[in-house]
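Peer 1: Each chain, letter by letter, is given below.
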Amino acid sequence: MASVATPVVTDTQGMNYLVSLPRRIVTVWLPLTVFLIVLLFPFYWMVITSFKPNEELLSREGNPFWVHHPTFAHIHKLLFETSYPDWLWNTILVSVVSTFLSIACSVLAAYAIERLRFRGSRYVGMSIFLAYLVPPSILFIPLAAMVYKLHLFDTRLALILTYPTFLIPFCTWLLMGYFKSIPLELEECALIDGANRWQILVRIILPLAVPGLISAGIFAFTLSWNEFIYALTFISSSEVKTVPIGVVTELVEGDVYHWGALMAGALFGSLPVAILYSFFVEYYVSGLTGAVKE
Amino acid sequence: MASFVTRLQDNRNALGLLFLAPTAILLLVFLTYPLGLGTWLGFTDAKIGRPGEWIGLGNFEFLWNDSVTRLALFNTIFYTVVASVIKFGLGLWLALILNQHLPFKAFLRAIVLLPFIVPTALSAIAFWWIYDSQFSIVSWLLQRMGLIHGYIDFLGDPWNARFSTIAANIWRGVPFVAITLLAGLQTISPSYYEAASLDGASPFQQFRYVTLPLLTPIIAVVMTFSVLFTFTDFQLIYVLTRGGPLNATHLMATLSFQRAIPGGSLGEGAAIATAMVPFLLAAILVSYFGLQRRAWQQGGKD
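Protein chains in written order, with this note's numbering: chain A, 1 to 294; chain B, 295 to 596.
Just so you know, these hints were derived from the structure itself, not from any lab.
All values reported here derive from a predicted model rather than from experimental measurement.
Where hints are given, some of them may not hold.
[What the hints assert, rightly or not] Restricting the straight-line Cα-Cα distance to at most 20 Å, the calculated cross-link-like pairs of lysine to aspartate or glutamate (EDC-like) are:
#, chain 1, residue 1, chain 2, residue 2
1, B, Lys-341, B, Asp-360
2, A, Lys-77, A, Glu-250
3, A, Lys-149, B, Asp-339
4, B, Lys-399, A, Glu-250
5, A, Lys-77, A, Glu-55
6, A, Lys-149, B, Glu-347
7, B, Lys-341, A, Glu-250
8, A, Lys-180, A, Glu-114
9, B, Lys-341, B, Glu-355
10, A, Lys-77, A, Glu-282
With the sequences and hints as input, model every part of the structure.
Peer 2: This is the structure in structure tokens:
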């Protein structure tokens, strides 16, 4: 169920005041610090490596945890000597279009299943949940065969059409939960006043479901930004690749790894989702927990 | 025409179908059909650019006797079991810590989830650098601490590579488990703990007899998803090892990609992917019964 309907307990203090400080340091702060260091270290390492000159990267002397002579050479190489800007643009385009397409479909489907209650809507709801459990790893081969046949191979359209297969089930499921929490009386009043279903959806339900729309949108955007196996299978030209594919397949040349440029590529590919996420943490978390708790 | 529109608006079945149409078309064409096509391809000898002929169980017979496929099956089960158990343990521990009264709680929760939201392929590249055989920061640190003499070959030795990829998978999965279990913990009223401690329950007994039973339903769901993601993992292995060394880290998903796309044997790849389905069905059934139990505990019907 979506977080709106979840009774969140505010009195988390409980009887914690009984626990002494030294004990809390050992049971709470020490493990928490270790967790945070391990979880955040790869990001720190990405940032540090992006600014390290090659001499420092390929040396075992000195303190590796700090940059002694920061350089922009890796970032310059990434932005001006590779197709990285193209990949970034492709990723943005594909993610935005497939997110909007999926949200539009999901709003209609979720409203139909949850509110119109047509014959068989329960089974449709169940099958949408099952569709959510179908992993891309077992779909990419037949989809590749279809993409060849439809002459969509090596186009952004192939990604825009296939990403909704994992976005729509998730978004529909999430929005069904949000729609359920909107009082039915509002809709009945509008029906009596002569509004039709479309007007009810656009003027009453959607404005009230904005938090749900944001949750679904953020989640769908990050899922399509992170997508890997479809983009790897359906795309081969450099200028239509997405960031994860471009970085993995094109920045690795032969045996000489350009670690600086690779890390800069990983960093700039992660930043947009990280920034978006930081603005909408609450929505993201409620989307994540809402999808699991239902 | 006008009367048709009005009649349509009054009929919830017709309107429902109309609203459902875009979703239904997209999912039937790009999800249901490929699911069937994939199963069918598994029974053919299709190659890229050549439609296959029905060969019955030929692919499955070949794969059953193929040592690489058997190794991939072992790797997948090993990877899933080890990673899921550790993710559950660490995730539950982190959730219990974050459920304490802490300053900057919202901020802590936000940064804990970071590994889960960044693209796996890109964080895997960071791990690739961390696991580098010559310049690994982990080896550097361990050597300075005097724990090892030579640098560790994280991805070059079969068992090292297995555990290194599992560690990277755990790093990405713990935040998901922790944050979703935390949401479950937050719905448990503190009054249960107060009652338990008045009755003389130790902190461990409170965890064992209050927290765990109330959390079981959500644990079932979270772990089903976690197992599902881990079992079908592709990106992490593809980026870190491409299945090597000596196929020691090949999972079913990476092997099916390798056979089907670079190898061109669509039929064989599809057969490997199809062989994953029974395992996924088992995971889904577990999830279904977990949900049932939750509904039952909350006094709901259905």
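Peer 1: Failing hints, ascending?
Peer 2: Of the numbered hints, 4, 7, 10 do not hold.
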